[in-house]
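Protein chains in written order, with the working numbering: chain A, 1 to 258; chain B, 1001 to 1107.
By construction, these hints were calculated from the structure, which means they are not laboratory data. Nothing false has been slipped in among the hints.
Okay, derived cross-link-like pairs now, EDC-like style, lysine to aspartate or glutamate, Cα gap no bigger than 20 angstroms in a straight line: (1) B:LYS1027 / A:GLU19; (2) B:LYS1027 / B:GLU1037; (3) B:LYS1027 / B:GLU1057; (4) B:LYS1027 / A:GLU26; (5) B:LYS1027 / B:ASP1069; (6) B:LYS1027 / B:GLU1066.
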Amino acid sequence: MIGLLLALYPAPWRRRYGEEFRAVLESRPLGPFDVADVLLGAVDARLALRLSDGVTEHGGQLAMLRIGGIGAIVGSALWFIGIAGGSAADDGPDTAWLVVGMIGSVGLLLALAGLSGFQAHHEPRLAWAAFGIPAIGSVLSLAGMFGMAFVPDEQLGGTWSGWGLWVLGLLTTLIGSILFGVATIRAAVFSRRAAVALAASAAAAIVVALGLTGGSPDPSVARILSAGVLAAFAASWMALGVSALRHGPIRAIAAALS
Amino acid sequence: MPDSNLELGRFAEPSLLILVSLSDGPKHGYAIMTDVEAGTGRPLGPGTLYAALARLEERGLIEALEPVDRRRPYRLTGMGAAVLTDQLASLEAFAKLGLRRLGAQRR
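Take the sequences, apply the hints, and build the full model.
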């Protein structure tokens, strides 16, 4: 009887829950209520499976989500390591740290591309601004780091130096990340806590950056403050990436289907 | 603030009972069934139990532990505890409102 009831469930469900479900059914004599309940459960499991088959049709969106999540985690970590490592040297950043930072910026671009697609359903204008502004910032930042690493300032042309481009890119990325955090909060697809942390840490980093340019604080204090807010910023992106990989798929697919 | 809109449909009530059952520690399926029955006086069928468990696990509110003799314990995640707290607070506020209105009508 128990084997027959179990056979009514779809195979993927049995592979995941079959053994423990059998143990529960064997724990006590089955009454008519239990049998009816198990029959309804089997119908429900088959309906749920059909829904999840529908979800696999959105494999492209899931792939975007994974790329975005991994990009956010790896990209923000490398971005911060590159900045921290490059800032540690007194005679300017070493090329190796700049390359690490550049790879991190590419990761952040992937994160923006992968995760922003799940916000467009709700508020297209905000989602586009939340994608476009930090993406422009990341590209500028990338160009700045490339310039610092491989192109002497006099060859860049105009009044821009690699450092100047990088700073402009960083500020644009921070401003855009505030928008990205707000868009994420509004879309309610990924972790709102991570989104709030992202917006808050980006705002704090801007305040610190403006404060540092406005005054002349002790260099060690300035370094600690900058490292703190940028670490918080990178950690927020990582948390958003983790949230996208862990809890995002179901909500993201639901948002995509809605 | 946890997202309480979990779209659990007809499994919302069994899910809440399961989350409450797991709030004092991990339990396997049969232990959840007996705990819910003892706490509410109403049986929780095995089909309903596992349909709700699958949804709760899918939404990250509970997580499965290593099985012991074919029985797999489940425990509340941090997100599950937050959602449960939120739901119980809502229920408490709703119950207080109802009791207050009842009291006002009787006076």
